[in-house]
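These protein sequence lines are chains X and F, in that order. Each step along the first sequence adds one to the number in this note's numbering, with nothing skipped, and position 385 is 385. Each step along the second sequence adds one to the number in this note's numbering, with nothing skipped, and position 175 is 175.
No lab work stands behind these hints, which were simulated from the structure alone. Certain hints may be false.
What the hints assert, rightly or not - Below, in silico cross-link-like pairs of lysine to aspartate or glutamate (EDC-like), each with a Cα-Cα straight-line distance of 16 Å or less:
(1) K340(F) with E304(F)
(2) K83(X) with E44(X)
(3) K340(X) with D18(X)
(4) K269(F) with E44(X)
(5) K317(F) with E297(F)
(6) K317(F) with D79(X)
(7) K269(F) with E258(X)
(8) K184(F) with D109(F)
(9) K74(F) with D25(F)
(10) K92(X) with D349(F)
(11) K115(F) with E188(F)
(12) K74(F) with E119(F)
(13) K346(F) with E258(X)
(14) K233(F) with D6(X)
(15) K317(F) with D243(X)
(16) K337(X) with D18(X)
(17) K237(X) with E158(X)
(18) K288(F) with D382(X)
(19) K310(F) with D5(X)
(20) K92(X) with E119(F)
(21) K40(X) with D5(X)
(22) K288(F) with D245(X)
(23) K310(F) with D6(X)
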Amino acid sequence: MTAYDDGVYTATTAAQRDVEITLEFALNQDKELDRLAHAKYLTESLRGLPSSLKVLDASRPWLIYWSLHSLLTLGISLDQSSKARAINTLFKCMNPSGGFGGGPGQISHVLTTYASVMSFVIAGGPGQGNGWDDIDRKGIYSFLMRMKQQDGSFIVHEGGEVDVRGCYCALAVATVLDILTPELLDNVDTFVASCQTYEGGFSACNNGGLQFGEAHGGYTSCSLSALTMLDSTRSSKLNTMFDLDALLRWSVHMQGLENELGGFRGRTNKLVDGCYSWWLGGSFSLFEYWQQAHDINCEDSEEANWVDEESCLYDREALQGYVLNAAQNAKGGLRDKPGKNPDTYHTAYNLSGLSASQHYIKYDSDRARQLAMNFVHNDDNDIPTERTLERASIRRFAYSSAMAWMPDKAAKSVRGGGSNITNPTHPIFNITISKSLAALKYFYCQ
Amino acid sequence: MFPWFSTMLYAERDDFKDLQPIPQDEGPSPLAPINYSPKCECRDPCFVGSLALKMTPDKDAMDMFRAVVHANEKSERALGLTEDIIRMNAGHYTVWHYRTTIIVELGLDIQAELKLMDELSTEFLKSYQVWHHRRLCVGLLATSTSPFASKDAPAAVTIAASPETSSPPPPLESSKELAQSELKFVAELFYATDDPKNYHTWVYRQWILTYFDKILQDEDRHLEFEFIESLIKDDIYNNSVWSHRFFCLFKLGWLQTTLEAEIEYVLSKIGIAPSNMSSWNYLRGLLKANRRGLNDERVLQFSETLVKAKSASDDMKPPVPALEWLADAALEDKNPIATKYYLQLKEMDPIRRHYWSWKSHLALAA
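Whole structure, please, built from the sequences with the hints as guidance.
Written out as structure tokens, the structure is:
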């Protein structure tokens, strides 16, 4: 079965056919996760990038994040010296007026601020010289508030463009660092929800509610993660603001067929690409959270329980096959698809997707309730807000919800056996769960 | 072509000798450093166009840029320097932003800037910055008293490029020509770059249509639908075009047709390519936007015919989206036949077996 059998031949079907041919050789393979080769590839990138990659000069924190996160997902811990180098380099990108730029001396950017903060979570820790104590939380807050627009969106830098990546990165950073305020959150829900398209997936942005662009895997991941973070901070649920069924349907349809090795495409009628293993494959953990909220409204019925015997809505096993057999480059690093060069971006999102399809990451609502109950109110009031009571409640629920994502230890589906196992990654922040928990406890002083 | 262009290093240039280049402060043993070369390997202007992507933001230009920023210098030579760097790395958002402030503060010729963007948007099609900068330029031109401002008549640049706002004030009546030329540029770009699915380009086009919506006229709208139709004819699977059609009809509200006629239109396209998810999704969106369920008599009949016709021939499977429509419509109606359809889908489309199986459970419970 191929994707198109209508007897109509266009640029789309030609490109699709090429990919199907390219993927043919990978069809019946059973490659192992080549940890060693990828580790070598990643440590080499950290040492320095060849001249061909100088276009990434404004993405230094991203390079660090992709490499560090990949290493940790592979289960390779960082040596002290690399950690120290990461922390020093990141601090060189931090600006006195708040936030992190794409390199030393570059103006702050919401996306590189996300990459920097997540890298700090991975490489840093409490105590002098370990980074966490020295992150300028107040500065980052003031930067994010300067980027915040009336309609709930964020410009990505001073004078820069707007899209939902900005909303996601701003919220993820603010959630981890405990700098969420009602002012920061105002209208973000409306802005993000207005990016849902008629297809079900989300697009890049909207302008006064007029949604621009088509449904796209990357923007969908950002939107759904942002909505999940927003939802957990409030008592009235957001599930009526967007069409969950349409989103689910669209996401499920983005998974490629058997001859595409079950990889994900990012848009309808586009080609599969390894990075969507995370952007879409990784989103399925979040659906369960929303389905729970949904079920409260519906008549509960055993038959209608949304998970079937294998507890997932996409083909996990097939997706793992795409990552292992199509996306791995023989000399290390992972890629979009065979024939493309590997890079740290594709390495990170292929591995994150692999991890998400091996582990069952569940939102444990009992744990969330417990954590919320035991939450110690200790706000030092260093984040300026007019609405202190609301902030207190937001802190408590943001913390307990972010902490509630846990891998179900009993349930794993690891293609190729235990030697291919990766570390579980947090479905919202995309850093390993153990690092996420440690950082959350630290920044919320719990 | 580039008056400031020189094969000399900025550090050695006479016209920059009053500035002391500032090297990047990386700190000791940085992580993931970019290996700058002191000078680009290809500085021959003849090759700039074709090799720009492979060129590197060389240390020399960046060092001088830091010196310019440090001196807070807004000048023509600083403008030239920013262009030089952008050509080497179009993702350098700090440099783009500085360029904008130079243009605004000096009241420079926006029309010339837009012309430069014609070239750079083609070259750096996938750069967020190039499209954003183009928006800023168009916003400035559309709100200045002389829309096609020339050097002699500097644009009014008071509010439009204020860094904190993402959208400029409404365009002047007189900027219709500008809108039309932008639409033409984007349309040609799809062909010139052979990339009619480029995300940035579509978002930009939709911004143009939104921004100038009030001053565009029926003939412009008519042209837009002709443009859409020609792209669908080129490639019926191009989801970006379907998405754009939806945008024009239901987001901008350019209703040039009735719901019935639009359903007919989509069904005719599905008839050509029954497996095309783009048109099926569009049909779902169309009905939903009109607050209608999936149980549209014509669509049901159409889907049934498709399923039957394909099932009748031995080697053909019924198109998944047609069967899915029947299943979802039945589920919507709480018709038990939905289960049967979902189980059939589970057989036909095993990658999504868990999803179909879940849907069949929902149907059973309904």
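Each hint tested on the structure:
no., hint, result
1, K340(F) with E304(F), "holds, 14 Å"
2, K83(X) with E44(X), "holds, 15 Å"
3, K340(X) with D18(X), "holds, 13 Å"
4, K269(F) with E44(X), "violated, 51 Å"
5, K317(F) with E297(F), "violated, 23 Å"
6, K317(F) with D79(X), "violated, 56 Å"
7, K269(F) with E258(X), "violated, 27 Å"
8, K184(F) with D109(F), "violated, 21 Å"
9, K74(F) with D25(F), "violated, 23 Å"
10, K92(X) with D349(F), "violated, 51 Å"
11, K115(F) with E188(F), "holds, 15 Å"
12, K74(F) with E119(F), "violated, 23 Å"
13, K346(F) with E258(X), "holds, 14 Å"
14, K233(F) with D6(X), "holds, 15 Å"
15, K317(F) with D243(X), "violated, 30 Å"
16, K337(X) with D18(X), "holds, 12 Å"
17, K237(X) with E158(X), "violated, 32 Å"
18, K288(F) with D382(X), "violated, 47 Å"
19, K310(F) with D5(X), "holds, 11 Å"
20, K92(X) with E119(F), "violated, 34 Å"
21, K40(X) with D5(X), "violated, 42 Å"
22, K288(F) with D245(X), "holds, 13 Å"
23, K310(F) with D6(X), "holds, 11 Å"
Hint compliance for this structure: hints 4, 5, 6, 7, 8, 9, 10, 12, 15, 17, 18, 20 and 21 are broken, all remaining hints hold.
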